[in-house]
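> So the protein lines, in turn, are chains A and B.
For the first sequence, the working numbering assigns the number 1 to the initial residue and increments by one for each residue that follows.
For the second sequence, the working numbering assigns the number 1001 to the initial residue and increments by one for each residue that follows.
Careful, some of the hints might be misleading.
[What the hints assert, rightly or not] Residues from chain B shown here face chain A by an in silico Cβ test under 8 Å; the list is partial:
#1 Phe-1015
#2 Arg-1077
#3 His-1088
#4 Trp-1094
#5 Pro-1104
#6 Val-1107
#7 Arg-1138
[To be verified] Where chain B lies over chain A, by a calculated footprint (3+ residues, C-beta under 8 Å):
#8 89-97
#9 153-162
[Claimed, not checked] If you only want the chain A side, here are some residues facing chain B, beta carbon under 10 Å, derived:
#10 Pro-168
#11 Trp-240
#12 Leu-241
#13 Arg-244
#14 Glu-246
Treat the hints as calculated values from the structure; they're not laboratory data.
We treat Cβ as the ideally placed atom computed from N, Cα and C, and that holds for glycine.
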Amino acid sequence: MLLRRLLLPLIVIAGLVMVWDLAIRVFAVPPYVVPTPASVGQALVKERARLLDNAIPTILESLGGFALGNLVAIAAALAFVHNKVLERALYPVAVAVRTLPIVAIAPILVLLLGNGYAPKVAIAALITFFPTLVNMVEGLESADVQAMELMHVLSASKTEIVRYVRWPSSLPYLFSAMRIASTSSVLGALVAEWIGTNKGLGYLIVLTTYDFRTALLYAAMVVTSAIALAFFFLVSILEWLLVRWER
Amino acid sequence: MAPVEIACRDVSMVFATSAQPVQALADVTLEVERGDFVSLIGPSGCGKSTLLRLIADVLQPTTGRIEVRGGPAMRARLAREFGFVFQHPGLLLWRTAQDNVSLPLEVGGWGRRHDPPHRPDELLALVGLKGFEHAYPRQLSGGMQQRVSIARALVTGPPILLMDEPFGALDEITRDHLNQELLRIWATTGTTILFVTHSIPEAVYLSNRVLVFSPRPGRVLEQVRIDLPSPRAPSVKDTPEFVKHTAALRRALAQGG
Chain A
1 MLLRRLLLPL
11 IVIAGLVMVW
21 DLAIRVFAVP
31 PYVVPTPASV
41 GQALVKERAR
51 LLDNAIPTIL
61 ESLGGFALGN
71 LVAIAAALAF
81 VHNKVLERAL
91 YPVAVAVRTL
101 PIVAIAPILV
111 LLLGNGYAPK
121 VAIAALITFF
131 PTLVNMVEGL
141 ESADVQAMEL
151 MHVLSASKTE
161 IVRYVRWPSS
171 LPYLFSAMRI
181 ASTSSVLGAL
191 VAEWIGTNKG
201 LGYLIVLTTY
211 DFRTALLYAA
221 MVVTSAIALA
231 FFFLVSILEW
241 LLVRWER
Chain B
1001 MAPVEIACRD
1011 VSMVFATSAQ
1021 PVQALADVTL
1031 EVERGDFVSL
1041 IGPSGCGKST
1051 LLRLIADVLQ
1061 PTTGRIEVRG
1071 GPAMRARLAR
1081 EFGFVFQHPG
1091 LLLWRTAQDN
1101 VSLPLEVGGW
1111 GRRHDPPHRP
1121 DELLALVGLK
1131 GFEHAYPRQL
1141 SGGMQQRVSI
1151 ARALVTGPPI
1161 LLMDEPFGAL
1171 DEITRDHLNQ
1181 ELLRIWATTG
1191 TTILFVTHSI
1201 PEAVYLSNRV
1211 LVFSPRPGRV
1221 LEQVRIDLPS
1231 PRAPSVKDTP
1241 EFVKHTAALR
1251 RALAQGG
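Take these sequences, add in the hints, and give me the full structure.
This is the structure in structure tokens:
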């Protein structure tokens, strides 16, 4: 079943690689502009130690940002649902922060937080935060009206209402946000690595672009997208395990 | 005379809406005695569901007094002296039938502080769902979900059952069947039942007393005692006495306009 679902996209990817290879031959594109698929494959094997070295910080930053952004967003959503004044005051601010371009915030955060992991985690968290906040507020409010009335009849406390009704109701919403965030948190970490650092896949991408080492540049992109895909897959598995009733 | 379980005196309810205040109920006075099966019947929007929510302390009346088992409605709610069955089952989709039934035992730790009178699986058997203990709500039909919600309302063994058009969303065959089951449950548990409906035959078939409500603002137009023999079988619906009662109710409802 899983194999059959993987087969079609794999055929499409193989087709695209062939078109890519063919285009380079037909139009005689120089290798420093676009590398051949074979040379990217070679770079992936030969430079694997270097790619892995740079992948680890990116993975850690993405995971850290993903966790932090989701936790803060969930906490904020819970606060908003129980305090409408707070929601009216802070929700627009959250939207405003969202409209700031990440590329512009990144250098500001590097200035503020230094060259270490902190600014990268912060940016990945920022990118994760918004979709989760929006979806969680909606999810927590999506609880069945009659189930909420029942909780009142049972004299349930606010904590019990969250635990028995609101939280489980919000899980499908949380997971659709986390699926978005699983890939965008990697993007956030990558962008943050463009400035003021000397490790990470983002750094490697910028460095190899300047050096015209396009084969390694493409290899770094392949690794980045593999990481994002792996995160997406992990979130999907978690959803499959935890949100059984939606199936 | 049996003790009075539910008493409403001059209860009025006004909802403040953005346009203008809407009066849902006007000076409703009624009494329900222990072991009664009383139906509230009236046109849609006449406030009968609102009255049920006032008795359940989900809403507070604008004026008037409500007593449940000799005390304020809030005391009865905190003491779990009534179970509530809604029009829609409102089951928690992530819990099995049995776990939905046991929810009232978990909330507030009720099941730990009291000796539950029924086991959840026994109640599921009582409502005819033996073998479906581990089914999820999505795997059950609308009628079966409503049975689960009835079992859930009974799990703490409440002396009163408040039912808000519980069979209104079901097809007629399922409804007839569940009416029969409800009478059996009523006979088995001896629970006092206050039942909201807008089906005349359902009200006559189930109740020993029917209160007819006027259109909004709801007032009690008439009280009709249904003196059909108990226990009732579906065949009672073909008798002249049954038809006489439904005709009387229809006239009473028409008189409200």
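> All hints, please: hold or fail.
Here's how the hints hold up against the structure:
For Phe-1015/B, the shortest C-beta to C-beta distance to chain A is roughly 16 Å, which exceeds 8 Å, and the interface hint is violated. The closest approach between the C-beta of Arg-1077/B and any C-beta of chain A is roughly 6 Å, which is under the 8 Å cut-off, so the hint is satisfied. For the restraint placing His-1088/B at the interface with chain A, the shortest Cβ-Cβ distance is roughly 5 Å, inside the 8 Å limit, so the hint holds. A hinted interface residue such as Trp-1094/B counts as satisfied when its beta carbon comes closer than 8 Å to some beta carbon of chain A; here the least separation is about 5 Å, so the hint holds.
For Pro-1104/B, the interface hint holds, the least distance from its beta-carbon to any beta-carbon of chain A being 5 Å, beneath 8 Å. A distance limit of 8 Å between C-beta atoms decides the matter here; for Val-1107/B the minimum to chain A is near 4 Å, and the interface restraint holds. A distance limit of 8 Å between C-beta atoms decides the matter here; for Arg-1138/B the minimum to chain A is near 6 Å, and the interface restraint holds. Three residues within the 8 Å Cβ limit are the bar, and the region 89-97 of chain A against chain B gives 0, so the coverage statement is violated.
A count of 6 residues in the region 153-162 of chain A with a Cβ less than 8 Å from any Cβ of chain B is obtained; the coverage claim is therefore met, three being the minimum. Given hint, Pro-168/A at the interface with chain B, holds; its Cβ is 5 Å from that chain's nearest Cβ, closer than 10 Å. Interface hint status for Trp-240/A: violated, as the beta-carbon distance to the closest one in chain B is roughly 14 Å, over 10 Å. Because the closest C-beta pair between Leu-241/A and chain B is about 13 Å apart, greater than 10 Å, the hint is violated.
For Arg-244/A, the interface hint holds, the least distance from its beta-carbon to any beta-carbon of chain B being 7 Å, beneath 10 Å. This hint holds: Glu-246/A has a C-beta 8 Å from the nearest C-beta of chain B, less than the 10 Å allowed.
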